[in-house]
Amino acid sequence: MGVRNTRMTEVVALVDYGAGNLHSVHNALKAVGASVTVTADANVVRAADRIVLPGVGSFKACAEGLRAIPGMVEAMTERVQVGGAPFLGICVGMQLLSQRGLEHGETPGLGWIAGEVRLIEPSDTAIKVPHMGWNDVALLPHAKDHAVIEDGEAYFLHSYHFAAQDPADIAALTDHGEGLVAAVARDNVLGVQYHPEKSQAYGLATLTRFLEWKP
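For the sequence shown, my numbering assigns the number 72 to the initial residue and increments by one for each residue that follows.
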């Protein structure tokens, strides 16, 4: 009997709530062999093996877009927080894991990982915002054995950053005038600030490891 290819047999729900990077994330997941269902149906998310939440734009707009889909937040919470399905949030999809975002006023997040999303305010005025382009992803010592995130170089594009309350939830940092969170992780929940879909071989390797991850 051959080895079961979990990438092709497991269903990855890619949540469609109007995020601008939906199609590029879909293409990247397909490129690494995932069986992807792009969906705005809460019932599909509730039954999925893995869930990916993309996101570009403002925290406020993304949070409101996600909550505008009937039952979606509840389905994600049930499948991930209760059911234990592996979850990956990308860019603003990662930021939505926080308790609140401070872009265009205060907006509640999912509250899965304690912290808030704040404007990047480097003390060195020569450091430009947004943080845009290729930069290092450096794992913290407690996350060196994480099954998905590795040291490397990835593509970033963001003006706000996730200020996580518990250092144990921070898996990796990047340096842009100061240490900014590049990845958060807790149990079966993972979020990356960088864009795997734009990070070439490093990004595709991240997605491959996510599909094989068994938290």
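Mixed in with the good hints, there may be bad ones.
[Unchecked claim] Here are the simulated DSS-like pairs of lysine-lysine, each with C-alpha atoms no more than 27 Å apart in a straight line:
id, residue 1, residue 2
1, K131, K215
2, K269, K215
3, K269, K131
4, K199, K269
5, K199, K131
6, K285, K131
7, K269, K285
8, K101, K269
[Claimed, not checked] Have a look at the derived ranges for each label pair, beta carbon to beta carbon:
id, residue 1, residue 2, range
9, D246, A118, 24 to 30 Å
10, H213, L190, 25 to 31 Å
11, A239, L190, 20 to 26 Å
12, G91, H213, 29 to 35 Å
13, P286, A197, 24 to 30 Å
14, D120, D246, 31 to 37 Å
15, G155, P238, 21 to 27 Å
16, W284, V115, 17 to 23 Å
In case anyone wonders, no lab produced these hints; they're calculated from the structure.
Quick caveat, the model's predicted, so the values are computed rather than measured.
Yeah, the Cβ is synthetic: ideal placement off N, Cα and C, and Gly gets one too.
To see whether the hints hold, each was checked on the structure:
1. K131 to K215: 33 Å, violated
2. K269 to K215: Given that 27 Å is the threshold and the Cα spacing comes to 23 Å, the pair holds.
3. K269 to K131: Distance of about 23 Å is within 27 Å: holds.
4. K199 to K269: 20 Å, holds
5. K199 to K131: With a Cα-Cα distance of about 23 Å, the restraint between K199 and K131 holds, given a limit of 27 Å.
6. K285 to K131: 32 Å, violated
7. K269 to K285: Status holds; Cα separation ~25 Å.
8. K101 to K269: 14 Å, holds
9. D246 to A118: 24 to 30 Å: With Cβ atoms ~40 Å apart, the hint is violated.
10. H213 to L190: 25 to 31 Å: 27 Å, holds
11. A239 to L190: 20 to 26 Å: 24 Å, holds
12. G91 to H213: 29 to 35 Å: About 33 Å separates the Cβ atoms of G91 and H213, which means 29 to 35 Å holds.
13. P286 to A197: 24 to 30 Å: 40 Å, violated
14. D120 to D246: 31 to 37 Å: 35 Å, holds
15. G155 to P238: 21 to 27 Å: 24 Å, holds
16. W284 to V115: 17 to 23 Å: 21 Å Cβ-Cβ, so the 17 to 23 Å window holds.
The earlier numbered hints that this structure contradicts are 1, 6, 9, 13.
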